[in-house]
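Q: Under the working numbering, read the sequence shown as residues 1 to 454, first letter to last.
Mixed in with the good hints, there may be bad ones.
[What the hints assert, rightly or not] Straight-line distance between alpha carbons at most 30 angstroms, and here's what the computed DSS-like set of lysine-lysine pairs gives:
id : residue 1 : residue 2
1  : 401       : 139
2  : 444       : 26
3  : 353       : 325
4  : 444       : 377
5  : 313       : 334
6  : 377       : 338
7  : 245       : 26
8  : 444       : 273
9  : 245       : 139
10 : 245       : 273
11 : 271       : 245
12 : 271       : 401
13 : 377       : 325
14 : 270       : 139
15 : 338       : 271
16 : 325       : 273
17 : 273       : 313
18 : 353       : 334
19 : 271       : 444
20 : 278       : 353
Read the hints as simulated data drawn from the structure, not as lab findings.
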Amino acid sequence: MASTTVLMPQLGESVVEGTVVRWIAKPGQRVQRDEPIVEVSTDKANTEVPSPAAGVLVEQLAAEGAVVQVGAPLARMDDAAQAGATPPSAPAATAQSAQSGAANGAPLRASPVARNVAQEHGLNLEGAQGSGAGGRIVKADVMGLVQNQGAASAAAAPVHGEPQPRESSLDAPRSQPPAARQGYSQPPPQSYSQPPPAASSASHGPIQIALRAYKPPRYNAQPGDQVVPFDQRRRLIAEHMVYSKATSPHVPCTAEVDMTRLARLREQWKKAKETGGKAPSFLVGICRATVQALAEFPRVNAVVQDETIILRKDVNLGVAVETEKGLLVPVIRKADEKSVLGLARALDELAAKARASKVSADELSGGSFTVSNPGLKGNLFGAAIINQPQVGILRMGEIVKRAVVRELDGEDAIVIRQMMYLTLSYDHRVIDGVTGNSFLHRVKELIEAADFTL
């Protein structure tokens, strides 16, 4: 018989390992070439791994939740085996998620977003009724199950003071899928009336920090509290943020930017036939000014590698995008070579893919600088955390109309302008104050001049 070993693929230029999220194909199931058989998660994105050949999946070589190095075996295929044959025992058997298939052996029909939400809430979708096309389970169906489960659990809530099970959901090892963690369901707070297990003084949450004298205070969960374990995305974000703050001495500097000319330019763009009545956003205009300034200040378009600074030739601009599962930063490659319309189209495409969980690991890798737009309502200004190993990040604030002083015909006058605070956070290991401030001032100049062409 001809056997094929499915290997963990390289899912991005900086990716060295992946975590098995769920098995899409079951042992004994026949799959076609390029048909997805397993979903894996990296520090960039979730990706479905296709079968390299047609055949029967005879053995799963990695359990759900297992961390697998790039190039290591995931599964074994056999093109001569009969579908439905009893497969040999596999390490994944004990951790198989109930979400990977229905009770009758048919693949579970659920959207990727629905699967992700169900996994985060520890829900078993087996037997669930879907309201989507062809009975497909969609997000709204999962949220209905969450609400129903919360109501049922609330009715069976224990009385305060009764003995509680010693094991909480946080006692389960991280390699175990959420569906298998004992007592993990959301939102029933009573399932977590016991406090999380005690941690050593050298840890605080999922981040290991060496502490000598200070011991972080621990909060004992009370009846009615909800204890929600970090999912994989939140754990990665948390570790990245702590690592960045511990690694880079962040220096914030803020500029007040007059957005009035850019606002007027956007009105002209709406009338242009190239835009079809939809003008590129303020974010696109700021990205255009940023990439132009990065070309003039190459030290800001750099990465730190060990004890060296690599001044990157390409301006690969990362733009933070909020999704249902947390923050993602897709990258517009060679952004300095794109026009305003080119940047707008690239940004729209990547943002849509990120929110639909279809962005690839490569599209989340290789950024040389990041622009963050946390929302233009109630956000006056703030300083963002650097996306490692980059050395700077630019954060937008709210655009508001304010009375400002301008010189008109040689006289000072108070006029109404559309103003915004723009904050640069830079790595002081690499960038000194003069360079950081000069770069930010140049971005401000370009935005206020608004001399951009579509």
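Q: Let me make sure I understand: some of the numbered hints might not hold for this structure. Which ones are they, in numerical order?
A: 1, 2, 7, 9, 10, 11, 14, 16, 17
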